[in-house]
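Residues per chain, in single letters:
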Amino acid sequence: MATSTKILALAVLAVLPLLMNASTCIGPQVTSNVYTTSEASMSISTVFVVEVAVKCNNGEKDLLLFADVNGHMVPATQSGTGKFQVSWSDEHKKLPAGTYGVRFFDEEGYNAVRKEKRSGTDGSAVTPIFTVNVKHSGTWTGPYVQTEFVATCVALLVWYMAYRSKSFLMS
Amino acid sequence: MKSLFLLVVVFVAVRSDNDDHAARLLASKSILNQFIVEGKELTVEYSIYNVGSSQAYNVELSDSSFPEEDFQRVSGSLNVKWDRLAVGANVSHAVILKPLRPGYANFTAAQVKYYPTEESQAVQVGYTTAPGEAGIVGLKDYERRFSPHIVDWATFAIMTLPSIGFPFLLWYRSKSKYDVKHKKN
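Those protein sequences? They're chains A and B, same order as listed.
Numbering-wise (the working numbering), the first sequence opens with residue 1 and increments by one.
Numbering-wise (the working numbering), the second sequence opens with residue 1 and increments by one.
FYI, nobody ran anything at the bench for these hints, they're computed from the structure.
Virtual Cβ for every residue (Gly too), placed ideally from N, Cα, C.
Any given hint could turn out to be false.
One side only, chain A facing chain B, incomplete, derived with CB under 8 Å [as the list claims (entries may be wrong)]: (1) 44; (2) 70; (3) 73; (4) 75; (5) 79; (6) 147.
Excised from the complex, chain A in its bound form (with noise of 0.2 Å):
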């Protein structure tokens, strides 16, 4: 009778997660799509844009998701079945060139960090749904020279070549 219960309890506890209401996504198959500014005149704060695509093994439609932005938790908006974008801006040089992970977090997920930045630590123990790598190159912000610039140079050498030639010819 003993081994009948503890063949219950454990048949209770496998079917449990599929009873709960829970929007996990297992096996998250992802396609992302990254944008960054490149070019200062066309916008005046660096913009990065992160869609995604996320296909779940165990079929999940209603998944929420909320991403991990520079230290600051943001819902992901839903822009079709699966797909989801977000997006975040700031001043040029607060976001230089390099490579920034976004974590993404389901519900779950969202509510550990929440609670993990109450407590004080920063919720980085948390493990995220997926990690997207965004590599930004940087805002072309002009170019350190100007043409115009290193042509003035370049005549004023050659007049000067000429000039110091002809008075050593002269002298």
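Position chain B relative to chain A; hints supplied.
Okay, now just chain B, sitting in the frame of chain A:
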């Protein structure tokens, strides 16, 4: 005096009853470009702020002011949904487009639809701020003013070569002849 005080109390009670536990969303739409150039990226940023006293449900932002034939979508979606917006939440959404034609464009407001409370059946419709009219500069005009013109300068350098090179060549020839004569002597 007492009746005035009573009136004020009733007025405050009635007012607070009206917006008790309902969400209120303020939305703004702004163009982040310094210059809007044909064929170059146009960055549009939307910000939604919940100033009400309850969560907003099923928030939907839809912008139909960028027709497909005039603006090509580069990144981001013009129709997005948030499941819930908490009290005091400030969310932003960005869309990157590419204008396909120069000229004047009127950037009008986008629509925001949401349910102010969990039980409300009527959807609340609001609009973002509108950035207004702006000109889309043609690519040629923008490049004429801002591109580095490397090819133009290189062409100029090649064109000045004859007028500098020719006298130099003459002098060099005569110089080398004179040097040879000097050595002979």
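Now for the hints, and whether the structure bears them out:
1. Contact between residue 44(A) and chain B, as hinted, is supported at the beta carbon level, the nearest pair being about 5 Å apart and thus within 8 Å.
2. Because the closest C-beta pair between residue 70(A) and chain B is about 13 Å apart, greater than 8 Å, the hint is violated.
3. Contact between residue 73(A) and chain B, as hinted, is not supported at the beta carbon level, the nearest pair being about 11 Å apart and thus beyond 8 Å.
4. Hint status for residue 75(A) relative to chain B: holds, with the closest Cβ pair at about 6 Å, below 8 Å.
5. For the restraint placing residue 79(A) at the interface with chain B, the shortest Cβ-Cβ distance is roughly 4 Å, inside the 8 Å limit, so the hint holds.
6. Satisfaction of the interface hint for residue 147(A) is found here, the shortest Cβ-Cβ separation to chain B being roughly 5 Å, below the 8 Å cut-off.
The earlier numbered hints that this structure contradicts are 2 and 3.
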